[in-house]
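Undergrad: Protein chains in written order, with our numbering: chain G, 1 to 86; chain F, 1001 to 1348; chain S, 2001 to 2452.
A couple of the hints might just be wrong.
What the hints assert, rightly or not - Taking lysine to aspartate or glutamate and the EDC-like style, the derived pairs with C-alpha atoms no more than 20 angstroms apart in a straight line are:
| no. | chain 1 | residue 1 | chain 2 | residue 2 |
| --- | --- | --- | --- | --- |
| 1 | S | 2389 | G | 67 |
| 2 | S | 2389 | G | 62 |
| 3 | S | 2031 | F | 1075 |
| 4 | G | 63 | S | 2328 |
| 5 | F | 1155 | S | 2175 |
| 6 | S | 2003 | G | 48 |
| 7 | S | 2003 | G | 57 |
| 8 | G | 63 | S | 2007 |
| 9 | S | 2003 | G | 62 |
| 10 | S | 2324 | G | 22 |
| 11 | S | 2031 | F | 1071 |
| 12 | F | 1341 | G | 22 |
| 13 | S | 2324 | G | 57 |
| 14 | G | 63 | S | 2364 |
| 15 | G | 63 | S | 2391 |
| 16 | G | 63 | S | 2363 |
| 17 | G | 73 | S | 2363 |
| 18 | F | 1192 | S | 2380 |
| 19 | G | 53 | S | 2002 |
| 20 | S | 2161 | S | 2150 |
| 21 | S | 2389 | G | 57 |
| 22 | S | 2324 | G | 70 |
| 23 | G | 5 | G | 40 |
| 24 | S | 2324 | G | 62 |
| 25 | G | 53 | S | 2007 |
| 26 | F | 1192 | S | 2349 |
| 27 | S | 2003 | G | 32 |
| 28 | F | 1102 | S | 2282 |
| 29 | G | 73 | S | 2328 |
| 30 | F | 1102 | S | 2279 |
No lab work stands behind these hints, which were simulated from the structure alone. Keep in mind that this is a model prediction, so the values were computed, not measured.
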Amino acid sequence: MKINKHIAVSDSGFVFNPVTGESFTANPMGIEIIEMLKQERTIAEIHETLLQKYHTEHTTIEKDVADFFELLKNFSLIDRHETTEN
Amino acid sequence: MKRPKIRIGVTGLNAIDNPGPGVPVIRGLLEASSFDAHIIGLAYESLEPGIYMHDLVAKTYQIPYPSSGADQLMDRLAYIHEKERLDVIIPNFDAELFSFIKLAPKLKAMGIHTFLPTLDQFEERLKVNLPEFGKKYGMHVPKSESIYQVSDHKKHMDELGWPVVVKGKYYDAGIAYNSEQLAGYFNKISAKWGLPIILQEFAHGTEFNVTGLGDGYGNTISAVPMRKQYITDKGKAWGGIAITDEKLLKLTRHFIKETKWRGAFELELMKNKKGEFFLLEINPRIPAWVYLAVGVGQNIPEAYVNLAMGKAVQPFESFESGKMFVRYSWDMIVNLSDFEKISTTGEL
Amino acid sequence: MEKLRYERPLIKRLEGHMPSKFGMRTDYTPKTHIDGVAVAELISQHGSPLFVISERQIRENMRRARKAFETRYPRVQFAWSYKTNYMDAVCSTFHQEGSWAEVVSGFEYQKALNNGVDGSKIIFNGPDKTDSDLDLAIGKNSLIHIDHLDELYTIQELAKKQGVTARVAIRVNMDTGIYPMWDRFGFNYENGQAWTAINKIMQSDAMELVGLHTHIGTFMLSPNAYATAAYKLAELARNVRLKYNHEVSYIDMGGGFASTNTLKGAYLPGSDVSPSINEFAEAITTALINSDFPQNKLPLLILETGRALIDDAAYLLGSVITNKRLSDGRRSTILDVGVNILFTSFWYDHKITPAQPFTQYTEDTVLYGPLCMNIDVVRENINLPLLNKGDQVVIHNVGAYNMTQWMQFITLRPKIVMIDLNHQVHVIRENETLQNLLELERVPDHLKKFDL
Ligand SMILES: Cc1ncc(COP(=O)(O)O)c(C=O)c1O
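Just chain G, same shape as in the assembly (with noise of 0.2 angstroms):
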């Protein structure tokens, strides 16, 4: 899973893609995973380090994270063709 590498992240939550001229709003928890990706953490990685510090369970976090990339995907903030793995 590639985050494109030029996507500018702040802490306000404002995201923006200098590529499309398109800005987004993230949550915290948004920014957080946003951040991770940006690191290359896998997808296991980003699971287990939410499931960590968020009271949740791994049910939960695995059904958001997935919509989450969705959203990503759609905006494309991810690349469409590597996602299936990591």
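Use these hints to put chains F and S with the ligand onto chain G, whose structure you have.
TA: Below, chains F and S with the ligand without anything else, positioned relative to chain G:
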């Protein structure tokens, strides 16, 4: 003498091709001789151009849409007031006026002044009520009928004649030349603004507008008539000339005296071949072309603020003729960080 | 290490024409408690979904309404409109506050008697009163509001048989400038039907014309329409006075005041646009006082206000079953509350808030109910915080017409509780059970056996 500083919140910063009045209002306020205006912008959307005009607007806050309710708007205004200590708010959007009229006493209690029509004045001039308004105040209005079903139009067409203007309860209008077109507009407009739909006799002639200010006791503080020179495809004036038609001024003074109009307004009128004026619509707020009034010597935004602050305001007696306005658009260069800030924090 | 509160990740495109709601309060100030009782506690004790009624709010509404009218008019009587909410506990609260009963069927009539309301304080409205209903109501000296001529003749006959005089009024429908005009109930004013019916009553020994009634519509937003209606009833009363030298003893203005719910398609929320009860009171009482009723002979003013007195006194609690993304990318949330128990979601955009605190991040979502039916939509579009499975929501302003129009469909109907003035929770209607339903069913013998 040092001019007092007045802190004024202004909405309608959407200076786009169908412009809101906010930016011209601010220009009037900044040119006021009786006070030193400090402008706080109040915006609904993050791309309203006024937000980025830092030489006009000191700071802008996003506010919730009227549709989310007066309570939420009030909460947000309370937050803004805590930071900015507003003295006056000038709402400039039709759709927000109802909420601000309702909130006016609460705002007053917080120390924020407004100068708005009363709820009765606001409702009396609604399109559905225009025929009655005309009768009550002795003003010519085009014939109109409210209908709830498309088929009901048949009853009225003998009287109204083709073409007919099909209008929504609050906004939107179209001109229909036959039943099919009428049905088309009926469906489109009622889907958006609900029922009834108003059928108004099509008034032939030349369109004139008047902007003005009433003090709430029947006195005319300001009145400036304008004839549109050039109209965009959105029906907005792109150029207009201030005119001194005594008949129009008389009609405006009559309107203010009879209704005891409080606050700013814009009258839309049609003059037929016989030289009679018909009142088509009353907008209960400052129009986007108000800077023409400022330019000919009647600073309506300034007088508005003084009235709101409870000061005695001398009526404007005259204005310079021979002036016109020509609108233009202007591309600003904006830092993305400004857009980021207003988008994520709701403040800039 | 203490784990942090989880919130699902969210990213939204910033669109030029769309204002960002981030950083701003929107519609979701959580409603964690109702009259001091925690929502979570209510659900854990009584299950989800759950209707919750505030006794305090009912009493407050009733007192505010009485004050609005009584400060403007000397003689006022409210009658609780049973169909709006005929839970016995709700009706009894209204009766304790001095309301009579207004019913529209034999079933509701029996319910009122059962609640201990004296027959003479029951107003019997509606087009469907059976002969035996009428016979009973005449015997109990109830106020019978005649809907049509057949009913008029039946009452005349039945009263004669009983050897008593029935106390009657007629329901009058009229043009008050409101669309649609409810001209299917009662007798029309403009075309003279009402006057004809009045004459028939006045010329009969078996009936006494005690009042005039109208109910101009429901969820009315125009106090003016009531003023028009009051003038027209006063005009009829005047004609009765002139022709028969008879005074009607009451004018019944029906119900219909809008509650603070938001009608679908309305631009501004109901809490902003619905007139207050004071505005309705002002319009009605001014019209009556300005009509030519003789000094000190003003008729009793009866009001059958329903929804405006009960809507905001009840909540429906529910829980999130799951979240889904629809094929077009929209978020949807499925609740355990469906249109089968929230009938009013067909015409209102109900206010819905979470029952637990959230961050300011929100998402537009469709709210669906749990039924396997496409029509089961609670809100087509609502901006809510990021709800997870099991999170609880509070649906506001559900007091009117839900606990009477709900249907037993696919699932069983939930419990209703009432919170009293001391924050005690009382079950006022139990969960419906399979047994309740099976008791009503019969299977013919030849269908009892099958092999699969
Ligand atoms: C005769 C009559 N009275 C009173 C009511 C109560 O109306 P609302 O709940 O609109 O106040 C109704 C409701 O339809 C009614 O039919």
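Undergrad: Between residue 1102 of chain F and residue 2279 of chain S, is the straight-line Cα distance small enough, at 20 angstroms or below?
TA: With a Cα-Cα distance of about 14 angstroms, the restraint between residue 1102 of chain F and residue 2279 of chain S holds, given a limit of 20 angstroms.
Undergrad: If you draw a straight line from the CA of residue 63 of chain G to the CA of residue 2328 of chain S, is it 20 angstroms or shorter?
TA: With a Cα-Cα distance of about 18 angstroms, the restraint between residue 63 of chain G and residue 2328 of chain S holds, given a limit of 20 angstroms.
Undergrad: Would the hint linking residue 2003 of chain S and residue 48 of chain G be met if the CA-CA limit is 20 angstroms?
TA: 13 angstroms, holds
Undergrad: Would you mind confirming whether the straight-line C-alpha gap from residue 2161 of chain S to residue 2150 of chain S stays at or under 20 angstroms?
TA: Roughly 17 angstroms separates the two Cα atoms, so the pair holds.
Undergrad: Against the 20 angstroms threshold, does the CA-CA distance of residue 2389 of chain S and residue 67 of chain G hold or violate the hint?
TA: 15 angstroms, holds
Undergrad: Has the given pair, residue 53 of chain G with residue 2002 of chain S, been kept, meaning a C-alpha gap of at most 20 angstroms?
TA: Satisfied, since the Cα-Cα distance of roughly 8 angstroms is no more than 20 angstroms.
Undergrad: CA of residue 5 of chain G to CA of residue 40 of chain G, is that 20 angstroms or under?
TA: With a Cα-Cα distance of about 10 angstroms, the restraint between residue 5 of chain G and residue 40 of chain G holds, given a limit of 20 angstroms.
Undergrad: Can you confirm whether the C-alpha distance between residue 2031 of chain S and residue 1075 of chain F stays at or below 20 angstroms?
TA: 17 angstroms, holds
Undergrad: Going straight from one Cα to the other, do residue 2003 of chain S and residue 32 of chain G come out at no more than 20 angstroms?
TA: Roughly 16 angstroms between the alpha carbons, so the hint for residue 2003 of chain S and residue 32 of chain G holds.
Undergrad: Check whether the Cα positions of residue 63 of chain G and residue 2364 of chain S lie no farther apart than 20 angstroms.
TA: Within the cut-off at roughly 19 angstroms; holds.
Undergrad: Need the status of pair residue 2324 of chain S, residue 22 of chain G: alpha-carbon distance at most 20 angstroms?
TA: 25 angstroms, violated
Undergrad: Do the alpha carbons of residue 63 of chain G and residue 2363 of chain S lie within 20 angstroms of each other, as the hint requires?
TA: The hint holds at about 17 angstroms.
Of the numbered hints stated above, the single one contradicted by the structure is hint 10.
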